[in-house]
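Listed in order, the protein sequences are those of chains A, B and C. Heads up, the first sequence is in our numbering, so the first residue is 1 and it goes up one at a time. Heads up, the second sequence is in our numbering, so the first residue is 1001 and it goes up one at a time. Heads up, the third sequence is in our numbering, so the first residue is 2001 and it goes up one at a time.
Quick caveat, the hints were computed from the structure, so don't treat them as lab data. A portion of the hints provided could be inaccurate.
Claimed, not checked - EDC-like mimics (lysine to aspartate or glutamate), calculated; alpha carbons at most 16 Å apart, straight line:
id : chain 1 : residue 1 : chain 2 : residue 2
1  : A       : Lys43     : C       : Asp2057
2  : B       : Lys1008   : B       : Asp1090
3  : C       : Lys2015   : A       : Glu78
4  : A       : Lys8      : B       : Glu1082
5  : A       : Lys2      : A       : Glu82
6  : A       : Lys93     : A       : Asp123
7  : A       : Lys8      : A       : Asp118
8  : A       : Lys8      : B       : Glu1010
9  : B       : Lys1002   : B       : Glu1078
10 : A       : Lys128    : A       : Glu82
11 : B       : Lys1128   : B       : Asp1090
12 : B       : Lys1002   : B       : Glu1074
13 : C       : Lys2015   : A       : Glu40
14 : B       : Lys1093   : B       : Asp1123
15 : B       : Lys1008   : A       : Glu82
16 : A       : Lys43     : A       : Asp118
17 : A       : Lys8      : A       : Glu82
18 : C       : Lys2015   : A       : Asp33
19 : C       : Lys2033   : C       : Glu2050
20 : B       : Lys1008   : A       : Glu10
21 : B       : Lys1008   : B       : Glu1078
Listed here are the chains, written in short residue letters.
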Amino acid sequence: MKVINQLKMEFQSLPANVAFARVAVAAFASQLDFTLNDLEELKVAVSEAVANAIVHGYGSSPSAMVRLSATLTEQGIEIRVEDSGRGIADVRKAMEPAFSTDPERMGLGFVFMQSFMDRVQVDSSPGKGTRVTMFKQVNGGAPAASQGTH
Amino acid sequence: MKVINQLKMEFQSLPANVAFARVAVAAFASQLDFTLNDLEELKVAVSEAVANAIVHGYGSSPSAMVRLSATLTEQGIEIRVEDSGRGIADVRKAMEPAFSTDPERMGLGFVFMQSFMDRVQVDSSPGKGTRVTMFKQVNGGAPAASQGTH
Amino acid sequence: VGEIRRFLRDDNPVKVSRSVKETAYRIHQARQKLTGRIGREPTVGEVAAELGISREDVVTAMEAAQAPTSIYETLHQ
Ligand SMILES: Nc1ncnc2c1ncn2[C@@H]1O[C@H](COP(=O)(O)OP(=O)(O)O)[C@@H](O)[C@H]1O
Ligand SMILES: Nc1ncnc2c1ncn2[C@@H]1O[C@H](COP(=O)(O)OP(=O)(O)O)[C@@H](O)[C@H]1O
Ligand SMILES: [Mg+2]
Ligand SMILES: [Mg+2]
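Use the sequences and the hints to build the structure in full.
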């Protein structure tokens, strides 16, 4: 898979950066022939992953840095969102629909990532941090029938 | 000057990233109370600095990385654009209006940066690279009369 | 002119949907209205509040709507 373009960034763990990351990744992803709908889906997935890093990974420590990388290939975009925060003890459980360690939250972040991206992988160690790696395929001119259902 | 938010990024030395960097920085800067006109000016300055890193700094080596950082304070935004490319032997001469080492170009990039930003500093060593540091003050809700002419 | 058209078509980092175009138009209107009301150029926060959208969406719509930021850059890149 030949890399067409690569972006790495890091930003402070602040709620305002959720909206920033969403717009920045969509602008970068527009270099591929994603549909507008694909871009909207990508934005939701990025928002959820970045919000998790800020809210759950770091709690409230705004000086901590969230790392995000995006790689474009002819096949699509791979996005990594990483924090060096609290980590997740049981990843499988965390990814279950409606599971949240915070009673105020809906526990649908990972569900959205999985429904809007073609691949989602979560690597985490308690006390060390979490890395979410997601891939979204670009269907460009492919006929609708060959597009996977999300 | 208390830092409100900080962003660091790096991306490949590709022309498509000029437009990406412009949008990303404007989205980040929108966390401060810049006017729409300020944001337009910021975008031009970022475009010119990033285009210089890609075109002059690296020539055509797309795998080289351009580094960009943005720091928000209550006073405004500081932006750094850095390359590890060719460097500039005579910075003062390079910054003169209409000076260009490329007869096809207009030599107005630094002129735009200086007219649209409140401070521009260029550090460069031949063979090592170039760093452009620029600052734009946020005038927020200041009455028109007290805004400096750019 | 052909080059500028090409720029508008190919080099725009923001894909333009109809709703983004509408937002861009509403930003243009809000900008004029607010300038009249407060007697100065509005800030991005004031425009976002007026339209009930995020600051970042204001930026996206501005980028989508605009002519090349540097025509010179377009022509000579
Ligand atoms: N980056 C992270 N660091 C630590 N824990 C995380 C992280 N991301 C997710 N989690 C854990 O996984 C749970 C489920 O995440 P999610 O599906 O996004 O739901 P929600 O954010 O609404 O709780 C969270 O409640 C949290 O316990
Ligand atoms: N990042 C850089 N690396 C090497 N040389 C540079 C860099 N930025 C600018 N220069 C030099 O400074 C000159 C003037 O730059 P500028 O004012 O942007 O005009 P132009 O890009 O049209 O040549 C360029 O022609 C180039 O020789
Ligand atoms: Mg979540
Ligand atoms: Mg230039």
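Results for each hint:
1. A C-alpha spacing of about 12 Å is found between Lys43/A and Asp2057/C, which places the hinted pair at or below 16 Å, so the restraint holds.
2. For the suggested pair Lys1008/B and Asp1090/B, the alpha carbons sit about 28 Å apart, so the restraint of at most 16 Å is broken.
3. About 19 Å separates the Cα atoms of Lys2015/C and Glu78/A, which puts this hinted pair outside 16 Å; it is violated.
4. For the hint pairing Lys8/A with Glu1082/B, the CA-to-CA distance comes to about 14 Å; that is within 16 Å, so the pair holds.
5. A hinted pair counts as satisfied when its Cα atoms are at most 16 Å apart, and Lys2/A with Glu82/A does not qualify at roughly 23 Å.
6. A C-alpha spacing of about 13 Å is found between Lys93/A and Asp123/A, which places the hinted pair at or below 16 Å, so the restraint holds.
7. Straight-line distance between C-alpha atoms of Lys8/A and Asp118/A comes to about 21 Å, which puts the hinted pair past the 16 Å bound.
8. For a cut-off of 16 Å, the pair hint linking Lys8/A to Glu1010/B stands: about 5 Å separates their Cα positions.
9. This hinted pair checks out: Lys1002/B and Glu1078/B have alpha carbons roughly 12 Å apart, not beyond 16 Å.
10. Among the hinted pairs, Lys128/A with Glu82/A is consistent with the structure: their alpha-carbon atoms are about 11 Å apart, no more than 16 Å.
11. Using a Cα cut-off of 16 Å, the hinted pair Lys1128/B and Asp1090/B holds, with the two alpha carbons roughly 14 Å apart.
12. Simply put, Lys1002/B and Glu1074/B have alpha-carbon atoms about 7 Å apart, close enough for the 16 Å limit, and the pair holds.
13. For the suggested pair Lys2015/C and Glu40/A, the alpha carbons sit about 11 Å apart, so the restraint of at most 16 Å is met.
14. For the proposed pair Lys1093/B and Asp1123/B, the alpha carbon gap of about 13 Å is at most 16 Å, so the pair holds.
15. Simply put, Lys1008/B and Glu82/A have alpha-carbon atoms about 14 Å apart, close enough for the 16 Å limit, and the pair holds.
16. With a C-alpha separation of about 14 Å, the suggested pair Lys43/A and Asp118/A falls inside the 16 Å cut-off, and the hint holds.
17. Under the criterion of a C-alpha separation no larger than 16 Å, the hint pairing Lys8/A with Glu82/A is consistent with the structure, at around 11 Å.
18. This hinted pair checks out: Lys2015/C and Asp33/A have alpha carbons roughly 10 Å apart, not beyond 16 Å.
19. Proposed proximity of Lys2033/C and Glu2050/C is supported: the alpha carbons are some 10 Å apart, at most 16 Å.
20. This hinted pair checks out: Lys1008/B and Glu10/A have alpha carbons roughly 5 Å apart, not beyond 16 Å.
21. Under the criterion of a C-alpha separation no larger than 16 Å, the hint pairing Lys1008/B with Glu1078/B is consistent with the structure, at around 12 Å.
In the structure shown, a violation is registered for the earlier hints numbered 2, 3, 5, 7, in ascending order.
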